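A.B. asks: The chain contents come next:
There are 4 protein chains.
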Amino acid sequence: MKRIGILTSGGDAPGMNAAIRAVARKALSANLEVCGINYGYKGLVEGNIFEIKEKEVSDLIQLGGTMLYTARYPEFAEEQTQLKAIEQLKNNGIDALVTIGGDGTYHGAVKLTEHGYNAIGVPGTIDNDIPFTDHTIGFNTAIQTSVEEIDRIRDTAKSHSRIFVVEVMGRNSGEIALRTAVASGSQVVVIPEKPFDVDQIAETIKDARLRGHDHQIIVTAEGAIHAQDLTEQLSNRGVENIRGVSLGHVVRGGSPTAYDRVIAARMGSYAVELLLNGQGGQAVGIENQIITHHPIIDLFNTKAVTDLSMYELANTLSY
Amino acid sequence: MKRIGILTSGGDAPGMNAAIRAVARKALSANLEVCGINYGYKGLVEGNIFEIKEKEVSDLIQLGGTMLYTARYPEFAEEQTQLKAIEQLKNNGIDALVTIGGDGTYHGAVKLTEHGYNAIGVPGTIDNDIPFTDHTIGFNTAIQTSVEEIDRIRDTAKSHSRIFVVEVMGRNSGEIALRTAVASGSQVVVIPEKPFDVDQIAETIKDARLRGHDHQIIVTAEGAIHAQDLTEQLSNRGVENIRGVSLGHVVRGGSPTAYDRVIAARMGSYAVELLLNGQGGQAVGIENQIITHHPIIDLFNTKAVTDLSMYELANTLSY
Amino acid sequence: MKRIGILTSGGDAPGMNAAIRAVARKALSANLEVCGINYGYKGLVEGNIFEIKEKEVSDLIQLGGTMLYTARYPEFAEEQTQLKAIEQLKNNGIDALVTIGGDGTYHGAVKLTEHGYNAIGVPGTIDNDIPFTDHTIGFNTAIQTSVEEIDRIRDTAKSHSRIFVVEVMGRNSGEIALRTAVASGSQVVVIPEKPFDVDQIAETIKDARLRGHDHQIIVTAEGAIHAQDLTEQLSNRGVENIRGVSLGHVVRGGSPTAYDRVIAARMGSYAVELLLNGQGGQAVGIENQIITHHPIIDLFNTKAVTDLSMYELANTLSY
Amino acid sequence: MKRIGILTSGGDAPGMNAAIRAVARKALSANLEVCGINYGYKGLVEGNIFEIKEKEVSDLIQLGGTMLYTARYPEFAEEQTQLKAIEQLKNNGIDALVTIGGDGTYHGAVKLTEHGYNAIGVPGTIDNDIPFTDHTIGFNTAIQTSVEEIDRIRDTAKSHSRIFVVEVMGRNSGEIALRTAVASGSQVVVIPEKPFDVDQIAETIKDARLRGHDHQIIVTAEGAIHAQDLTEQLSNRGVENIRGVSLGHVVRGGSPTAYDRVIAARMGSYAVELLLNGQGGQAVGIENQIITHHPIIDLFNTKAVTDLSMYELANTLSY
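Protein chains in written order, with the UniProt record's numbering: chain A, 1 to 319; chain Z, 1 to 319; chain X, 1 to 319; chain Y, 1 to 319.
Source of the hints: derived by calculation from the structure; they are not laboratory data.
If several chains are the same, the list does not tell them apart, and a pair holds so long as it fits within one copy or across any two.
Heads up, simulated PhoX-like pairs for lysine-lysine below, C-alpha to C-alpha not over 20 Å straight-line: (1) LYS53 - LYS206; (2) LYS55 - LYS206; (3) LYS53 - LYS2; (4) LYS90 - LYS2; (5) LYS194 - LYS303.
These numbers come from a predicted model, not from an experiment.
With the hints as extra help, turn the sequences into a complete structure.
C.D. replies: Structure (structure tokens):
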């Protein structure tokens, strides 16, 4: 192996740059050449490829987003497109590929693997919905930012004795919502994994107000119910002085937390180690603090499981 | 004069607590007694009043929101209610009142003044729409927070080569939008004070893209056009890969900037000085760095004027 | 069991308040009464004890420091003092005690346990030097703050093509230094657990400069070598344009990260669960994501082990 | 005029990049060519000059430090060196120069002006010690960062009932110290412009402790007395539980505040306007909100005056 490629794909996540740096530096320190591929699989197929030198990943670790850009590219589901990608890789002398991203990124990496090309998957997504790792790169930052936003919202909630329903990211998963709720001391948390009863939420809020909780925060994952809808339904059930806020895109970017930078460094570096050991087709993760890998092909037979102990915890402590 | 009261009213603004502390400490240092009135004019009429001692405003200067709570209270427009307020003040031995807030707060203070009661107005609102002062308390923090949000959004914009329309606060005023636009390097800014032409904005964005500006930020004040509406209209005019985000309540709270704390300290302290000099019925401000006062009754014959030089500046530098 | 006590002791750590809240809320939700003890073991011996109601731990989760105050109290090593503490606990009807802190705090809890009194230890210290837990409360925040400081220092380093030696906390442990170094992309890290050779560090820095790394960061733990000393020694060995900075107390306080708030919530809540199950004399921890407990008496036969894989990683990626 | 140059010199200040962007964009929008000069006057003499295109100052406004690097260069005091600089400018076809920096930078610009070359000075320094402007670029950010550091230190101060002496930047000026003290609610502020009496400070601190101020902050400018020295002297006078902290370089870098970005945009843009109007040899400033210019040669007959009203204010409010 002489030269490896790196791409990021899917939604951007804080820490992707730290992962790119780790892959590049580790590879360079092992005397490999490194190529960056812009705009993910789209750029790969189009040949948007350039060489990365040591200095080009300096002063990068702290930056949000991805220096390699990213794009959605549904066309990569077609075999013909996949073969074109492999051709581009071969034409550029790239012997193996590290892909950084979420669900869709891994699908692409599996396809390349199935075609016999060595691809490694590094989990970079704020959603924490990738199996074989406890935390994805970006997840910690997204929670941290969501919690900081709620810290600010709480000032207004308290000053006006108001209830705020705050919607955080999570289409299929309550992972961000659960930790955000626990860390922001919210009264109620609503997630896709658990049925919820608006009548009961209304009772909880009203009861807590009677006990002196003049202001309260409800955290909802976008995949469970939207903030505005829940606000309206609670208002209709007699919850007074209530407002809905959706955090949306403001929590996607930003400088990655130290935590995300560290796991990005570990996983990016390990991806290259695997390739140096001749192991392709692997999904990298950190499980119970230990760096691990699993065949990437098994990934879609597995499902990331939400830690629901947080659900119980959030409810108890809001007492 | 032996005892003064303090209240905050209207929307909360970062720095209100710093102003409360300044009023209380200045008054206590002059051997006055100080009363806090909770929930603004509503609490005043209801007699929600308590004594503030020196230590109770410690560790307060850095906190967002208002320790005296706030409430909207349209009933205060009625003369009967105003007279009830004055009765409460007299019953509590409160000789003069410092009110901290925005437009509505000042209306209340004018009414008390017209009834012969000494009330001082300190401008505390993120909107910067109060005359007789260059900046209101909270304005600087609201801009700072808006700009930090856009700094994060820019990471995603850049990674995806995307246009973002970001809506900031400002129902009648482009003050926040203009400074936010200049400080975030936005391509276009839309404010209520200036007519805008969506066709032309679409051209500007498309031209800039041709010149290499793959990602761009458009800042709009809520009072001009909502982010979602502008996004849709631009999309209809062929601007691709564009999203709308409304910052909303996430920029209202939070720890006040040093700037807001300093002007809050200056204006709160000066309010007490005026009262010690026997001057009531005044609106406090800082104009051209100098602390000033004007008869509060004149305030509604005056209009805060938006500094439109920023408009030109934002457009030039986005070139 | 009808009533439990809580105290914090030793150096303050971000997240102590989140832990206090969790203990209090969990206990109240189980119909226990809760007492706060001010100033750690000192306050306990002096009877500085008060009842905590549900609302008194509201709006607390986001605050740095500890609402229960803390103090160093070497006198607690004497048996007589320990017995006085137990007398105070009995006089106040406190059936069990949750102690939050570091090394010294645990020594106190062990002593109470040895006297037959039920005490639980919750690890609250930025140093991450407590066994039976992967991370102590406050450790994540201390790293995060250190990394943010270095992000700022890097701006100056880059602008002036300068080397900065940055000293972070860690008298006996390189835990903070290692993660800070990895997360800030530092060139060299110096920790007490590893011998270091200033000549070799000088070579590394000079070599990197030749390869184009005009500005570089060296992270040192206070227990290895002070920033000023290392700066001087490197300067004597011909490293030009180099400065030393000690972060010191600026990284001890501050609002806890979401991560620290979550582990504080989990561990504080679990401490009460143990007591409800009649289990005292336990040290609470989170190991491999799972909440655990071990006899607190075993704690001093165990040693927290620094994860040295970070050392290798930092060196490789700085290539 | 066809082409202008930009350089930054002296200590880096947050907002320098925003000023560079403003100069470049304004000039490009007027169809001028723009050259960046690296490493200030040193780079100018050495011919370290490159062309700046529109896109090269994108995504720059939010970054601390200076993309044009900076260096101290005492050699520029010599006439021969100055003439070499002018030769370089002519060889590169640069018709006028915008210099961004502090005191030393202005001296250089004056020299060029005296040799008949059109140079404009834009005030970029955290020290706020340049005449003809109310605030220099970077001053607001330095205060903001200092205040955020003290907000964190206060958590520890409060938890331990401790006094902290915090040293902020300011060799000859108390400008940063005064605003930092007011904004952080410090008990005492010590500045070079005012004599101070350690005995009296000790009394103030002890008195305040008796009145219940268990923890307190003292802010000192580095030019008045160092934190460690003042701590020791106060300790010798019976002030217990007191520590010293020097903020140093951690407050020099970092993303500029919105305030600094806005004034950088205004002043950078105006510098080009002056040149377009044929006016060289000017120092740009913002005085009483209005953009102004004065002959740069007059600058050294003038002295920036510290606003001492803050001194009185800090003392009163700490009551």
